[in-house]
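Asks: Okay, here's what each chain looks like letter by letter:
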Amino acid sequence: MIEKMRDKMTPRIGRRSFLKMAAVGAGVGAAASLPLGRSLRAATAAEVKEPFPGSKRVKTICSICSAGCGMIAEVQNGVWVRQDVAQDHPISEGSHCCKGIDQIDLIKSKQRLKFPMKKENGQWKRIGWDQAVDEISGKMLALRKENGPDMAMFLGSAKFNLQQAYYFRKFAAMWGTNNIDHVARI
Amino acid sequence: MTNHFGDVVGHSKVIFIIGANSAAANPIGMKHFLQAKDRNNAQLIVVDPVFTKTAAKADHFLRIRTGTDVALVYGLMHVIFKNGWEDKEFIKTRVYGMDEIKAEAMKWTPELTADVTGIPAEQIVQIATILAKTKPATVVWALGITQHSTGTSNTRILPILQLVLGNMGKNGGGCNIIRGHDNVQGSTDMCCLADSLSGYYGLAEGSWKYFAKSWGVDYEWLKGRFAAPEWMQAKGFSLAKWWQGVLQEETTYSSSPVRALWVQGNGITSMSQQVKIQEALDKLDLVVLVDPFVNEAAVLTNRKDDMYLLPAATQFETEGSVTATNRTSQWRSKVVDPLYESKTDHDIMFLFAERFGFYDEYTRAMKMAVKDRELQPVKEEFVWPDDACREIARTIKTIGLGGWTPERLRKHQENWHMFDPLTLEGKGPMKGEYYGLPWPSWDENHPGSPVLYDVNTPVTAGGMGFRNRFGLEHDGVSQLADPSVSVKDSKIAGGYPEITKDNIEQVLGITLTAAEKEKMGANWKVDLSGIINEKCLAAGVAPYGNARARVKVWQFPDPIPKHREPIHSSRPDLVERFPSYDDQKNNFRVDVKFVSEQKAQEWVKDFPTMLVSMRVVNLSGAGMLERTSKYLSHLTPEMFANIHPDLALQYGLRDGDMMWLHAPQGTKIRVKAQYSLTVTPDRIALPYNFAGVMQGVDLSDNYPEGTKPYTIGESSNTITNYGFDIITQIPEYNAGLCRIEKA
Numbered sequence: 001m002i003e004k005m006r007d008k009m010t011p012r013i014g015r016r017s018f019l020k021m022a023a024v025g026a027g028v029g030a031a032a033s034l035p036l037g038r039s040l041r042a043a044t045a046a047e048v049k050e051p052f053p054g055s056k057r058v059k060t061i062c063s064i065c066s067a068g069c070g071m072i073a074e075v076q077n078g079v080w081v082r083q084d085v086a087q088d089h090p091i092s093e094g095s096h097c098c099k100g101i102d103q104i105d106l107i108k109s110k111q112r113l114k115f116p117m118k119k120e121n122g123q124w125k126r127i128g129w130d131q132a133v134d135e136i137s138g139k140m141l142a143l144r145k146e147n148g149p150d151m152a153m154f155l156g157s158a159k160f161n162l163q164q165a166y167y168f169r170k171f172a173a174m175w176g177t178n179n180i181d182h183v184a185r186i
Numbered sequence: 001m002t003n004h005f006g007d008v009v010g011h012s013k014v015i016f017i018i019g020a021n022s023a024a025a026n027p028i029g030m031k032h033f034l035q036a037k038d039r040n041n042a043q044l045i046v047v048d049p050v051f052t053k054t055a056a057k058a059d060h061f062l063r064i065r066t067g068t069d070v071a072l073v074y075g076l077m078h079v080i081f082k083n084g085w086e087d088k089e090f091i092k093t094r095v096y097g098m099d100e101i102k103a104e105a106m107k108w109t110p111e112l113t114a115d116v117t118g119i120p121a122e123q124i125v126q127i128a129t130i131l132a133k134t135k136p137a138t139v140v141w142a143l144g145i146t147q148h149s150t151g152t153s154n155t156r157i158l159p160i161l162q163l164v165l166g167n168m169g170k171n172g173g174g175c176n177i178i179r180g181h182d183n184v185q186g187s188t189d190m191c192c193l194a195d196s197l198s199g200y201y202g203l204a205e206g207s208w209k210y211f212a213k214s215w216g217v218d219y220e221w222l223k224g225r226f227a228a229p230e231w232m233q234a235k236g237f238s239l240a241k242w243w244q245g246v247l248q249e250e251t252t253y254s255s256s257p258v259r260a261l262w263v264q265g266n267g268i269t270s271m272s273q274q275v276k277i278q279e280a281l282d283k284l285d286l287v288v289l290v291d292p293f294v295n296e297a298a299v300l301t302n303r304k305d306d307m308y309l310l311p312a313a314t315q316f317e318t319e320g321s322v323t324a325t326n327r328t329s330q331w332r333s334k335v336v337d338p339l340y341e342s343k344t345d346h347d348i349m350f351l352f353a354e355r356f357g358f359y360d361e362y363t364r365a366m367k368m369a370v371k372d373r374e375l376q377p378v379k380e381e382f383v384w385p386d387d388a389c390r391e392i393a394r395t396i397k398t399i400g401l402g403g404w405t406p407e408r409l410r411k412h413q414e415n416w417h418m419f420d421p422l423t424l425e426g427k428g429p430m431k432g433e434y435y436g437l438p439w440p441s442w443d444e445n446h447p448g449s450p451v452l453y454d455v456n457t458p459v460t461a462g463g464m465g466f467r468n469r470f471g472l473e474h475d476g477v478s479q480l481a482d483p484s485v486s487v488k489d490s491k492i493a494g495g496y497p498e499i500t501k502d503n504i505e506q507v508l509g510i511t512l513t514a515a516e517k518e519k520m521g522a523n524w525k526v527d528l529s530g531i532i533n534e535k536c537l538a539a540g541v542a543p544y545g546n547a548r549a550r551v552k553v554w555q556f557p558d559p560i561p562k563h564r565e566p567i568h569s570s571r572p573d574l575v576e577r578f579p580s581y582d583d584q585k586n587n588f589r590v591d592v593k594f595v596s597e598q599k600a601q602e603w604v605k606d607f608p609t610m611l612v613s614m615r616v617v618n619l620s621g622a623g624m625l626e627r628t629s630k631y632l633s634h635l636t637p638e639m640f641a642n643i644h645p646d647l648a649l650q651y652g653l654r655d656g657d658m659m660w661l662h663a664p665q666g667t668k669i670r671v672k673a674q675y676s677l678t679v680t681p682d683r684i685a686l687p688y689n690f691a692g693v694m695q696g697v698d699l700s701d702n703y704p705e706g707t708k709p710y711t712i713g714e715s716s717n718t719i720t721n722y723g724f725d726i727i728t729q730i731p732e733y734n735a736g737l738c739r740i741e742k743a
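Protein chains in written order, with UniProt numbering: chain V, 1 to 186; chain A, 1 to 743.
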């Protein structure tokens with residue numbers, strides 16, 4: 001069964017061809033004088049040592065589970081280029097799970113929601129922030145006028161940071177409802 | 001968590017895990033348990049309906065029938081009490097109400113417990129013996145314990161076991177509950193909850209008045225924002241049953257039906273009753289979904305209009321603190337600016353607060369500080385998140401966040417290499433502080449409290465007794481700790497009450513000046529002046545008192561925890577003896593069915609297989625986040641159910657065949673049968689992190705272009721059975737029934 005699953009996971013690269021590729025890769029590393037394609041060249045010693053010159057290493061915390069593992073995010077020119085484990089972090093001591101080590105890919109995922117959207121006549125439509133805020137606040141206030149503030153249900157996040165969580169609770173309070181909750185209840 | 005992961009590695013001799021699969025859900029937590037095994041020869045005991053990856057590492061595995069945790073723990077206590085192995089001194093001096101627990105435990109003989117739980121009687125005796133003879137033991141749990149119609153009783157009986165064993169307030173002991181999301185502890189502490197204001201202050205008038213003051217706003221203005229004052233003090237709809245506010249099929253109690261849903265970072269497909277949620281989403285007047293990814297609520301619904309998706313930035317595109325499962329606060333630095341057109345969650349809140357007309361009131365407190373013992377405006381502009389952090393620190397007294405200033409939290413992050421992983425103690429420049437100042441950290445000099453309820457450590461170094469929260473006496477018995485239980489270096493011997501303006505002089509033996517009296521709040525929870533805190537710490541006194549742990553909650557339907565059969569029980573013969581609760585009127589603004597649902601029919605006749613939810617290592621929560629990762633999604637390329645071959649063959653299912661699973665409420669899902677020996681033939685296990693397919697219908701077309709994750713699948717929550725906890729209303733995810741049909 002596991003074999004079957006593995007085949008499905010790697011539809012294009014079978015195990016054999018993967019090994020072949022790895023062998024070529026090792027060859028390139030061992031003898032840099034091999035002729036390479038025009039668009040490729042061997043990395044210089046300086047580049048191997050420091051592939052992202054001028055980058056900074058930002059200490060931060062994994063956003064998956066509540067263990068609270070440390071992470072090092074390497075940032076170059078405003079782009080998160082590399083993720084490293086935090087060897088000296090007192091909780092994770094250099095460990096990560098498969099979800100944590102993949103944070104950089106999750107955040108840069110192609111499937112991110114990139115701009116505000118609305119559904120109109122059954123179709124998704126890209127809109128700007130101004131329009132989104134205008135329309136949503138107009139509708140919220142109109143409903144509030146009809147039914148009072150308890151017409152709204154606010155669901156907050158266990159992925160807010162502490163300050164945002166506090167401000168979300170305050171947001172519901174100042175809107176005028178206790179219809180507020182989050183996933184602590186599941 | 002009362003303790004922390006490092007403490008388990010350093011001290012625990014037994015790790016009793018019940019209803020948690022750390023190896024899948026929380027692998028770095030699991031690493032610590034394995035270290036405890038390697039280094040201390042700690043025994044790992046795992047209780048679970050499924051032979052999980054965590055169970056695979058256990059010295060003892062107890063395969064429990066779902067929904068019988070209370071029975072099991074009473075069975076263990078039966079053996080302990082019968083042999084006189086309980087910690088008599090601890091119970092006598094620090095606990096209230098244990099006699100009733102003992103009386104209940106005496107009914108749970110190993111034989112009865114074995115019949116109810118499915119765990120052999122000899123194993124119950126063996127495990128009870130290990131727990132009694134091997135100290136300290138820590139008890140670990142997660143959602144396998146809470147997600148039940150008896151969740152509250154489950155979460156009470158386990159700390160009671162630790163009180164019986166005298167394992168509370170000790171290194172290597174305690175209750176180490178593993179929370180889910182990265183900041184679920186923090187968001188809970190801040191009470192994004194329908195039944196409380198931030199810091200568990202509740203919703204009574206006094207709490208609202210304190211918060212109005214703390215926010216720098218007029219109480220009457222705040223009251224005027226609500227439909228009527230009564231609604232200000234009434235619990236709102238909960239995450240578990242908000243959809244009844246829309247559908248109103250069961251009786252609801254609110255000033256308005258729910259017409260608009262505003263979701264900011266909450267995976268709706270991780271909630272039970274997906275079909276009802278779909279109906280509610282279709283019916284609402286307005287749906288606003290704020291998330292870094294498409295919230296799959298948008299995919300679940302077939303509505304055509306009045307639905308908006310707003311792109312939120314992730315936590316790596318903003319800055320702030322995050323509370324780990326052990327109450328440690330960690331500063332999370334911003335890595336990059338918000339990607340694409342996304343905005344940070346707080347900026348989105350600010351934008352709408354402005355449109356809703358309360359921006360000034362909303363942000364005012366960030367421009368205030370306590371000066372001359374009074375909260376007052378001090379500047380024109382605020383700095384996010386620093387000023388919000390300071391606002392929380394000066395406001396939230398109940399759990400002692402006074403020490404969590406942005407300066408200290410940043411310093412802890414910069415110097416995280418200066419802290420000992422086993423004790424969390426700081427070294428060098430961080431000497432005298434614990435990593436991340438685990439709450440309570442009473443004030444700006446307090447080091448944090450790595451182990452709760454430890455009376456052998458001074459309050460100023462993180463020690464304390466149990467909180468005095470429920471009055472001075474009950475049924476004529478003092479609720480304060482015995483005179484023999486003094487917190488180390490405390491000026492006061494024995495137990496003492498929570499500190500108020502009225503009792504502070506008498507309890508601490510001090511005299512206040514007239515100015516102090518004038519500025520002091522009514523009690524330690526609402527004293528913005530900070531005087532009570534200061535005087536208490538100077539006397540080595542915890543402001544919240546030194547009391548007894550009560551094992552009897554006289555306000556609850558079950559003052560002491562009772563075993564009650566799951567609503568959809570696999571053992572109808574036990575339902576008569578251990579029925580569920582009477583049906584409930586108006587909890588979180590809606591009625592809830594218990595016994596009427598349980599006895600509506602003999603469910604197991606039509607739905608003979610137990611249904612258990614489980615976790616997989618590559619997905620978390622609603623799964624939307626990880627299913628957009630190429631690498632993680634490919635580890636579970638489709639939704640499946642673990643099924644024992646013997647059970648599968650009864651339905652003619654071969655490994656990999658598709659099957660329908662039907663639930664008592666008439667819903668169904670179509671999933672792949674994956675042969676597995678981790679389950680017995682009486683039950684199947686389903687991961688709970690999929691969405692995008694609903695009762696056999698592929699909803700791919702509902703995703704906006706380019707946002708569909710790599711994997712979609714049926715949500716197990718579509719067939720999660722009806723059922724909710726009587727106190728918290730958490731849904732029953734883990735003790736249900738289903739019927740299998742070959743697809």
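If you're looking for bench data, these hints aren't it; they were derived computationally from the structure. Don't be surprised by glycine CBs; every beta carbon is placed ideally from N, CA and C. Fair warning: there could be bad hints in the mix.
To be verified - Some, not all, of what chain A presents toward chain V, calculated at C-beta under 10 Å:
1) Glu104
2) Met106
3) Leu112
4) Gly118
5) Glu122
6) Val125
7) Ser196
8) Ser254
9) Asp305
10) Met307
11) Ser342
12) His346
13) Phe358
14) Glu626
Asks: Tell me if A/Asp305 is really an interface residue toward chain V, meaning its C-beta lies closer than 10 Å to one of theirs.
Replies: At about 6 Å, which falls below the 10 Å cut-off, the nearest Cβ of chain V leaves the hint on A/Asp305 intact, so it holds.
Asks: Hey, does the A/Met307 contact hint survive, CB to chain V under 10 Å?
Replies: A/Met307 check passes; min Cβ-Cβ to chain V is 4 Å, inside 10 Å.
Asks: Does the closest beta carbon of chain V sit nearer than 10 Å to the beta carbon of A/Ser254?
Replies: 5 Å, holds
Asks: Would the stated hint for A/Gly118 survive a check requiring a Cβ distance to chain V of less than 10 Å?
Replies: 26 Å, violated
Asks: Have a go at the A/His346 hint: is there a Cβ in chain V nearer than 10 Å to its own Cβ?
Replies: 5 Å, holds
Asks: Is the hint on A/Phe358 kept, meaning its closest Cβ partner in chain V is under 10 Å away?
Replies: The hint holds - A/Phe358 has a Cβ within 10 Å of chain V, the shortest such distance being about 4 Å.
Asks: For the hint on A/Ser196, does the least C-beta distance to chain V fall short of 10 Å?
Replies: 9 Å, holds
Asks: Next item in the hint list is A/Glu122. Is there a CB on chain V closer than 10 Å to its CB?
Replies: 34 Å, violated
Asks: Report holds or violated for the interface hint on A/Met106, using the least CB-CB distance to chain V and a cut-off of 10 Å.
Replies: 34 Å, violated
Asks: Using 10 Å as the Cβ threshold, decide whether A/Glu626 counts as touching chain V.
Replies: 6 Å, holds
Asks: When the nearest CB of chain V is found for A/Ser342, is that gap smaller than 10 Å?
Replies: Check passed: Cβ of A/Ser342 comes within 7 Å of chain V, closer than 10 Å.
Asks: Does A/Glu104 hold up as a contact with chain V if the rule is Cβ-Cβ below 10 Å?
Replies: 28 Å, violated
Checked against the numbered hints above, the structure violates hints 1, 2, 3, 4, 5, 6; every other hint is satisfied.
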